[in-house]
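Undergrad: Sequence:
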Amino acid sequence: MTRRTASAVLAWLLTGAYAQAADLEHGKTLHEANCVKCHGTEVYTRADRRIHSLEALEAQVRRCRNSLGATWSEDHIADLVHYLNHSFYHFRGEGEP
-6 MTRRTASAVL
4 AWLLTGAYAQ
14 AADLEHGKTL
24 HEANCVKCHG
34 TEVYTRADRR
44 IHSLEALEAQ
54 VRRCRNSLGA
64 TWSEDHIADL
74 VHYLNHSFYH
84 FRGEGEP
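Residue numbers for the sequence shown follow the numbering used here, beginning at -6 and rising by one.
Treat the hints as calculated values from the structure; they're not laboratory data. Just so you know, nobody snuck in bad clues.
The calculated label-pair distances, taken between Cβ atoms and stated as ranges, are:
{"hint": "1", "residue 1": "Ser66", "residue 2": "Asp41", "range": "28 to 34 Å"}
{"hint": "2", "residue 1": "Asp41", "residue 2": "Asp68", "range": "27 to 33 Å"}
{"hint": "3", "residue 1": "Glu18", "residue 2": "Ala63", "range": "14 to 20 Å"}
{"hint": "4", "residue 1": "His83", "residue 2": "Asn27", "range": "17 to 23 Å"}
This one's a predicted model, so the numbers in the text were calculated from it and none came from an experiment. Every residue gets a Cβ at the ideal spot worked out from N, C-alpha and C, and that includes glycine.
Can you build the whole structure from these sequences, using the hints too?
TA: Structure, rendered in structure tokens:
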């Protein structure tokens, strides 16, 4: 591999497109393995939902982690928040298009 090709591949990886797709998939995996044990997706879309911002969503994910006794890292939490926001909430904020 030439230096130019290696640089192009590295630049592509660092754009976030590759990492963002992995984050969504990992968040989905975490959701399916943990969240749906306690509730379905209706809690995200009901008319009287309690979550109205990215900050509140992250706080709720942390509460759920604690309730489950899960050992999620900060990256795990970020992946799950990203998945939930992308799939259900659609809040705009840091890291969102």
